[in-house]
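Given the coordinates of chain F, work out where chain Y should sit on it, guided by the hints.
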Amino acid sequence: MSIAAPAAIAANRFGLGARPGELERIGSAGADWLRAQLRGGPPLLAADELQEAAQTLREALALRRELQAERRAAADVAAAQQRLGAFLRPIYAAEATARLRAAVGSERPFLERLVHFWSNHFAVSVDKQLLAGLAGGFEREAIRPHLLGPFRELLRAVEMHPAMLLYLDNHLSVGPHSPAALRRERRDPAHRVGLNENLAREILELHTLGVGGGYTQNDVTRFAEVLTGWSIGGGEGRAAGEPGRFVFRAELHEPGARVVLNTRYADAGLGQGTAVLDDLARHPATAHFIATKLARHFIADEPPEPAVRRIAGVFTATEGDLRAVYGALLEAREAWAQPLAKYKTPADYVISAYRGLEIAPEAGKNPLAPFELLGQRTWQPGSPAGWPDRSADWDGASALLKRVQWAEALGARLGSSRAAATLAPQLLGANLGEASAHAIQHASSGAQAVTLLLASPEFMRR
Amino acid sequence: MENLPRRRFLHLALATSGLLATRLSFAGGPRGERRLVLVVLRGALDGLAAVPPYADPDYARVRGEAALAAPGGAQGALPLDGFFGLHPALGFLGRCYAARELTVLHALATPYRERSHFDGQDVLENGSPRPHALQSGWLNRALASLPAPGARATGVALGQNVPLVMRGPAEVASWSASRMAALDEETLQRITDLYASDTLLAGRFAEALSTQALAETMPAEAPGPPDYAARYAQVVRAAAGFLRQPAGPRVAVFDTTGWDTHANEGAAEGQLAGRLRALDGGLALLREELGPVWADTAVLLVTEFGRTAAVNGTRGTDHGTGAAAFLVGGAVAGGRVVADWPGLAPRALYEGRDLRPTLDLRAVLKGLLAEGLGVSPRALESDVFPDSTAARALPGLLRG
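Order-wise, the sequence lines are chains F and Y. Start counting the first sequence at 11; every next residue gets the next number (the numbering used here). Start counting the second sequence at 10; every next residue gets the next number (the numbering used here).
Just some of the chain F residues that point at chain Y, by a computed CB distance under 10 Å:
{"#": "1", "residue": "Leu178"}
{"#": "2", "residue": "Arg211"}
{"#": "3", "residue": "Leu216"}
{"#": "4", "residue": "Gly222"}
{"#": "5", "residue": "Ser393"}
{"#": "6", "residue": "Ser401"}
{"#": "7", "residue": "Lys412"}
{"#": "8", "residue": "Ala419"}
{"#": "9", "residue": "Ser454"}
{"#": "10", "residue": "Gln458"}
{"#": "11", "residue": "Met470"}
Hints listed in this document are in silico derivations from the structure and should not be mistaken for laboratory results. For glycine and all other residues, C-beta sits at the position ideal for the given N, C-alpha and C.
Here chain F stands alone, though its shape is the one from the complex (with noise of 0.2 Å):
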């Protein structure tokens, strides 16, 4: 392994994609800087124009009340649904702006892309109206303060946080047999209430123990009954609880004891919940998930199996401390055995371009167009799966052709701002070829180096 090689993968697989000079700071401590990085406290995220994702939620409940009150009023329907959706938008702006700026002004980058992991892993999608003004929110209160774990804590902080209460619909499920249920079926029995068993089901197959990970359709069901209860408080007449907030409602609670996995948890209201969460945490299914899905984002598409059973060990044998999790990570020769591994996903590519050419996200300069040009708009993954995480997921032939156009459209930009050819083994390090260098250095304008740095075979991927 070269000198330099460990700089260029920390900094650009581990790390956000390099800046200037970061390289050279690095040196031949590649880990000792990512691990540098995992001490002191999380990467919290707070700004003046940031408000709590429960605040946004109480506005935008009564902004609906108020727009449903109009709809029976016959007022102007149209113009009374475009109100929330102009009331989401900035915020939406507002949140994903300061989450760029992080990500390309953070000195702890390894941390960034870290919570933009978790933020896909635990993935809401804003194509459900609401969630534009909450998934920002979201990410600021329920992934960072628990990015360096333990994941038990993260995984509670996830899955009641009203974002994904919302998004999987559990503030709407009720449980069949709950006091809510049979005062409903006495008044009106045509209209039945019930289960919505999605939340259950991407827990276990999304969030903890992976698809494979042994539970079947009786388990989900049976833990959708558990989880009957939680709930968002205030809105829709439902007045109990603060509103926006996370609320158990215990009328709405399925009662009695439940089997999920083999294990009988007695009902104890919230306490049900929260004991099956606990024990999906500490899961052998859950840490050779997690391990797999870490491995696939810092090591190769196909993660070497010794590598994920090692992550796993440390992940089971320290009850998911994610700080001990992430140094077995680093601790794996494979992550820096192949340089270029990965390819980037389009939201890696911009960053890192930022980054590498000292691009402030400027409001007002809509620093967030380039994600949507190239593909992968922040926070709307479409499905509560989040993005994919393999070369063939991203690197299409039109997806390829955009990344070049954006290079060319930044270049003509910045113009001779930028000194490309100094700049492409700055960024690149060890990764950098002859031929991409030559032709770097070789371009026709200043312009012209910049498209070919961004579009270089070794900056498209890390």
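Below, chain Y without anything else, positioned relative to chain F:
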């Protein structure tokens, strides 16, 4: 940045690589050659809502307030064969049925019997009985099995990246709308050189340029608001634009999302009705855009699995098993519903909750690939759909 004149761009794209010349010769064929369009409805379409079996004695009970009325009733289903109807938002499909250009398939499923969207879609696309068993898709392997590369039917995926069903050994194109300027000629050449020793990027870049060159001959898309319907219309127009060209691809794939209706699904009106209306409108647009080529076209709409027979506690439906699919187009021998109906009585349901599948989707796919593209039975059994002998090709799907 200077815009290249379109003609010059095309010329350059052809000249940049020797590979391009062959890539551009998209299976030019005689008139009357069949076109296939595959539309993947991601998220699991509720087949009992899209194709309600209103005459089934258990239907109204199982569906409760979400049940659609029989044809003729208020907001009733559109008539099909006296037993099944179509959701009232599917007006265009209803007219296709009357014109014998629509075959509805019901109670069908892939071999997948679990309820994960993502594994379900993987099986739907990889063509094997198991998720993640293959890294390529059945449609690509079908294209690859056709003789003589020069005469090979090529495929195009509408989208920036190629979905699994179209990945594999056969070269396929991907295309998505771009409002960006064409690349500078000299930069283009330098990037082509830069990728010379990178097999993946060299191939992808050449594909992109040849597809772009083909797309250059299509009318430019007016920039509009990127809402759901507009994006969908754009994809449909592009698909038609490719398929219309005599030297263009013969197979196109795109997908639509938003079918995962866990809550407040609606009935004759509502969330799902809105999606179905948009889908139906897109198909009407496709026919219009294809013009005379519609007569040679078969469009298959499939989803990963169906949804629960009963409505759940939140006026939606959860992940199920047996699904509905549509085969529509001028080439389709339509005007019928293909279903070995298992019924909706409690004991008839799969695992007590889902429509029981009685038809293997692969039987439909085999029939379609054999009749539409001339894929050989041998290829269908070995490479395209491994371990599928029990699923015999369904004959007579297309007009003779």
